[in-house]
Every structure is written in structure tokens, then in C-alpha cells.
Amino acid sequence: MSARARRTALAALVALAGLAVAGCGGGDDPAPGGSGDGRVNGTVTVFAAASLTESFTRIGRDFEAAYPGSTVTFNFAGSSALANQINQGAPADVFASAAARNMTTVTEAGDADGTPATFARNQLVIAVPRGNPAGVTGLADLTRPGVKVALCADQVPCGTAARSALDAAGVALTPVTLEQDVKGALAKVKLGEVDASLVYRTDARAATADVTGVEFPESARAVNDYPIVALKDAPNRAGAPAFVAYVRSAPAQAVLAEAGFQGL
Amino acid sequence: MTAPLLDARLVVDRDAFRLEVPLRVAPGEVVALLGPNGAGKTTALRALAGLHPLTAGHVTLDGVDLDRPASRGWVPTERRPIGVVFQDYLLFPHLSALDNVAFGPRRHGIDRRAARATARDWLGRVGLAGQAHRRPRQLSGGQAQRVALARALAVEPSLLLLDEPLAALDARTRLDTRAELHRHLSAHQGATVLVTHDPLDALALADRLVIVEGGRVVQEGDGPSVTARPRTDYVARLVGLNLYRGRAEGHGVRVAPELTLTVADRLNGEAFVAFRPAAVALHPARPEGSPRNTWAGTVAGVQRHGDNVRVQLDGPIGVAADVTPAAAAQLRLIPGQRVWVAVKATETHAYPATG
Amino acid sequence: MSRVLDAAAPRRRGRVPAALLIPAGMGLLFLVLPLAGLVVRAPWTTLPQRLTEPGALTALRLSVQTATLATVLCLLLGVPLAWLLARVEFPGRRLVRALVTVPLVLPPVVGGVALLLVFGRRGLIGGWLDATFGVTLPFTTAGVVLAESFVAMPFLVIAVEGALRAADHRYEEAAATLGAGRWTTFTHVTLPLVAPGLAAGAVLCWARALGEFGATITFAGNYPGRTQTMPLAVYLALETDLESAIVLSLVLLTVSVGILAALRDRWITGP
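Residue numbers (our numbering), protein chains in the order written: chain V, 1 to 264; chain F, 1001 to 1355; chain D, 2001 to 2271.
Source of the hints: derived by calculation from the structure; they are not laboratory data. Bear in mind the structure is a predicted one, so any value in this text is a computation, not a measurement. For each residue, glycine too, the CB sits at the ideal point set by N, CA and C. Any given hint could turn out to be false.
Sample of chain D residues at the chain V side, in silico, Cβ under 7 angstroms [stated by the list, open to error]: (1) Pro2138; (2) Phe2139; (3) Tyr2223; (4) Thr2240.
Next up, chain V with everything else stripped away, as it sits in the complex (with noise of 0.2 angstroms):
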């Protein structure tokens, strides 16, 4: 074995040790800053639900700039995935979610620190592929025949959302596909694999090259609320509260609106 070999290995091994100590007692780790004496810096740990990437990524680049010294990580998913995460031990200092029922999830383990606060609204817009081929202008164009409509699957918040909605209007549709997210349904409208999806309006936003978003008076029924909050176990005792204060804060909520968001 090389010498190079040998460290490659060695790094490997210690690797292996580092995350078996990670598994075994993350929490016990000294916080990476800011800890006692209330001023903010060191890493933020966001976890924030997928819908959030482009809006998040943005304000927390301003958050950085606001508070020099500090770094802001983000790990975007699906809501329920990072709720679970979070009940798991996951060392997050911050959960932004996408719907209330897995906020609940982190509130009811007694893993927030303080009670969530709605920081955005999120209102659904059908969404189809540019140029609109199949002339969707309505919820009742979904139920035409050989119109493809993908939805988000009943057990995600997009696809509750969706589900409110078309109740709300009367509308009985069979999609051909139950997506596990909002960005796979967009991805299908993307490919013009569906001639149309229910999506949030700050997804379609973020995708005009390829999508139009078609707003829809039922949207009203199915708004979607965003909590967030600070946890208990935060690493990053000072950075949590600043980062959740900083979200509420006109220059984030500005970002929020021009992604499409609906002010508070």
C-alpha cells in the first residue's frame, strides 16, 4: 500500500469514528458560537421546507451581511422529512416549514423553543407549461378530457392545499400522477410531461422560463400558511431567535413578496 493510499485510507477510518460519535451524542457538542454572551455569529443551521430555497438562500445572504462573523447552512426538504429530522436529534437551529401539521409534529415532541410564528402565506396557481398548449384558464379546464393534470400526493402540503381547493370549487379530477413534492409536480409541468399541475405561486415564479402560473379565484380557500421558529436544542443559542426575528423583518419580507409570497 502507498503512503497516499494508506492516509486515504486512515481518512476514511477516521471518518467512519467521527460519525459514530456524531451518532452518539451530537448534542453534548459545545455550540459552535455565539453561546452565552448574546452576540450573534458562527454557523445558523436552517432547516426550511423546499418551497423556501431561492427566497431563503437570498435573505440569508443578507443575514450574513447583517451579522458579520455569521454563516447561515440551510437544509431544504420536504417539511415532513425535516420535522422528522428534527424529532430524530438533527442539530438545526431554526425549522421553517411549509405547513402547520408539521410544525405541530416538532411543537408536540417539545422540540421548539417558543411558539412558531407565520412569517409568509402561499396560495396556489395552476401552472402549465409555457405557451399554455392545452388552454387551461380555469380548475374546470382540468377535468377535460386527455388534459394530463399532475398534483401533489394528499400526504404533502401542496397536495392538501390542492385537495382544499378543488373541493372548494366542486372539482372531481383524477390526475395521473401524485407527486412527492411540489418541485417533481413542477418538474413534470417543466417537461411537458402534464398539460397542468397546482402548485404555489412562488414555485411557478421561480420557474418562468419554463411555466406559467394561472391564478384561479379558489386559491383564496386553500392559503397556506408558513410557521417558523427557533428549537430548543439550537447549537447556535444567540443565532436561532436572531435568524427567526430577521425572517419577520421588512427587508426579508420583501424578499418573501418578490418570490411570490403574500405579505403578512
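Using the hints provided, position chains F and D relative to the given structure of chain V.
Then chains F and D, alone, in the frame of chain V:
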């Protein structure tokens, strides 16, 4: 000789090696290609089977060109009327002995039932009727060899090819199998080409020997003529003779600058002289009397050879001598020991090197 | 001296070196512990009623059916491909061999997107299929089979190619001398010779197809009874109910391990 069934001139170029072997085999005749390892025997067999294409020359069987590069004549292996017994038999491990033998007839368009009947008949002929349903790995070496023979013969080939058919067997099995193989080869109506490096197999099984060395035929003929008159060291060693080449004048053949052997035969020109190791006598001092050929030699090696002791000697010519253990002990034969070598003229056999 | 060595030899052979045993044990634990985690966290009290939920059984049946069909498709296309790679010299063979392994390194979701770009409604071939035959593959059970085959085929091809390379090709020469043409030799000699490798490859292929998630959900979507296979059902169950996700995972594991163990006894170790 009847008209040959197989008429071939096998020319195969492989890297720096060139095989060039003319071969004619009459119906019912068994020809052995005999030669050391690497002589090109197996390549010749593969060329006959169509497993290796010729570079030049031809293979013509019963008037049909199987391979003739000059005129792009080519018959693929599976359409040649041949049967092959491979050195390690290559019985299909997933088929019973019966289905191995039936494989060929099936491929020749015979229905399953008839093919099995043929196979059963052939297994009976090689004495394996009771082993029909065994898998190859359940057969002994000798049984596997006989199944391989039955499999090759079951397609009734015009040309039967055998590659070292007895090499994989132990000495005891080999004797029995050789005798049985001889019986089957004698009964075979087509031409048979047998490849071996074992002179006993060749002599026991073949009607004619073709000695191949370095891709060339160095000697050809029936068993007695080849063994009586070897033409290369390889053949001489095979048949256990001392062989020398030299210039003959009357009864003398000059085999080394300072050694002329006196021989019984009378001839002139390039000649071979051969004699048996048992015809060589060793003496502690220069012998007087009847032996006409004497020279001084040095013992190079001593080893047991049957009931006797074989002594390798250096000198003007290298020579092998067989002496009794008693004589060896008396002469205190150890390497480096100088002794006198004597060979009677009447024990030698001289014959022309040309023709 | 030699006696000492002789006495020591069997003892040395019998002992398993710690340098192998320890990492082997760690490796086994690493593979088995997550499984144990599932078993420990399973809601055993409510298990019977969860098992009989129609959604779970539908997804299970669809999974087994599509994985089996995908394996058949892989056998039909993959075995000849493996034969080509193992037995035929052609220019660019190394490149082709590398291409065959692409689905192994490609994230399955990307594989699904790639399949859409070819077989999708606007895809290179999909558009033509739709216009000519009215055949659409995305969001259909056939699409699931296609996605699973795409991801699983390399396992079969690599296993069978390895078996073909290891097999003694002189048996094929022997078959030729007995009058067997190329195709007969392939079916009557080559395939039986590589049967163990073929079985191993098919089992790997089936197992990979059974667990397939990313390419399936991307290419075929997720609809109960039509394209929702077990892994998709597990993933969606995770969104709401960890316990039912665990139950579904255990069902998938039990069925797959059971089938693999049964097949292994019958086909792979052989009589």
C-alpha cells in the same frame, strides 16, 4: 496406398511461428502427428477442425475444400463432417453422458428419440451402457475419455481428430484405454488424425507416424521404419537410441573431427549412425580385442533406468550407456570419472541422411 | 522441523485472522443494524390491521409484478448485450462497456429525467410513439417497468458478462465440432454453462428493480394501483406517519428477503 480421403497442406502463421505440414490420410488409416510440445501439432488439429483458419494451403476432405484461402473456400466447423476428441474431453457438464453423446446426432437433424437411441448404442459400444445417466463429473477419467470418443464417433465423421486422447489418464487406466481406443480406431471407416507427444500412444494406435518439430515434418513413415531409422535427436530420444550424423566412406562414418565410427553397413556420403545404449560397454582402461570403436569419455550423469543404470557420457560425442548396477558399482561411476567407451560395429546401424 | 510445521499448519488454517474478522463483523453490523432499527421501532400491536390496508397490498403486488417484468426485460436485452461485450471484439467495446454502467453512477432521478427526455410526451422517441401508435409510457405501469429496467439492467449485464468471460469457451468449440451453429451453441451450451452467473445477475437485477424509487417517481409518477410501487408508498407514508412507513418497509423487506432466500437455495447454490 488408396486415394487419400484427407488431403491437406496446413500452413498457419502465428506471430513468428509458421506451421507447414502436408498431410494425406487414406480411408480407415490412422495417422499420428508426433512431436514435442510447441511443435504445432495442436494448431494443425485445430486447422483441420476449422477452429483456426489456414494462412495458406488447403484442407480437402473427400473432394470437398473445407479451407482454401487462395480461393476463399471455407466450411465452418459446425458444417464439417468431423468428430473431435479433445485433450480434456470437454464433455458438457450440464448434460448426462447420454445427452452428451446424443448432442451431435441432434444437431445433425435427428429427432430426440432417435438421437438418444444412437447415443445409447454408442455408449454400449464403449462399455458404458450403465453410466448413461451420469453427469461428466460423476465419471472416472477413463469413462469420460470413452464418452468423449463415443460423442465424437456418434456423428459418423469422415475425419476423426484426437488431441492427446490418453494424456489425462493415469498409467494403469491408460493401458486399458489405449487397447480399447485402438479397437475403435481400427473399426473407424473414415480418416483419423491423432495428435500426441507420447511415442507409445503413437506406435500403438497409428498406422503411420508424422513427426513434427518446429512446425515442420522432420520424418514420416510407419512405426518400425521410424524407430529403426530415426532422423532427429528428438525421434532418437523417443525411441531410445544414440543417434549421430556424419560423413560415411565405406565402413567408416566420421561423426566428430577426431572420431570415426566403424559400422557394419557400407555406404558413402551424409549418413546417420544409430545404436542402443545397451550396446555401449564401459571399461576402466582401454579395452583390447574385438570392439572396434573405442574412445575416452567423462561421466556426466548417472540414473536408474529400469533394472539397469543409464550413464550419460561426454567426450568427442555425447552418448548414453546402459550398464548393470554391478558394473556401475565396480566402475565407481560418479560424475567427472573418466572411462573408456566401446561399441561393437555389429551393434550399429548406419543409413543415408538424404532421401 | 518439518513435523513442527505440519502440526502447525492446520491450526493456522483454522484460525480466522482478526484483521479480517473485526472489519467483517463491523461491516455486518453496519448492514444489519438499520434493519434492526426498523424491527425495533415497528408498531407491532397495530401491525395486523396496517398490513391488511388495501393500499399496502396494492403497492406490494405492483412492486413484485413490475420488478419481475423488468427482470424479464433485462434478461431479454441484457443477456445478448453481455454476450456481445464478452465474446465479440468490436471497435469501441470499452466505451460501450463504460456506457452500460452509466445507470449505476447516474442518480436515479436524473435517469428518470433522461427517460422522460427520450420516452416522454415531447421526447425523442416518445413523441413519435404517441403520434404513431398512441402509446404513452410516462404515468403508466409500463413506464414503471421501463424505469426499473433502466436502473437494474447494468447489474444483470455485469454479472452475466463476468460469467461469460469466466466460462471456458472451448465448450463452444466442442459444440461446433458436433455440428451446433452459433445460436444453438448459445442456447444449448453457453447459457447452461453460465446459468449460475445468470441467476445471480437476475436476482440482483430483480432486487434493484424492487427497491427502485428515483427513476420510477420521475418517469412514471406516483398513482396508487398504477405506478405507486412499494418504495414510493413508503416515501409518501414518511410524510405523515413514520410508523406506517416502517410497516411498509418491513413488508417490502420480508417479501424480498424471502423470495431471494428461496431462489438462492434453488438456483444459485444448486444441487
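Going down the list of hints, with the structure as the test:
1. Pro2138: This hint holds: Pro2138 of chain D lies near chain V, its Cβ roughly 5 angstroms from the closest one there, short of 7 angstroms.
2. Phe2139: holds (4 angstroms)
3. Tyr2223: OK, holds: Tyr2223 of chain D within 7 angstroms of chain V, min 5 angstroms.
4. Thr2240: holds (5 angstroms)
Hint compliance for this structure: no hint is broken.
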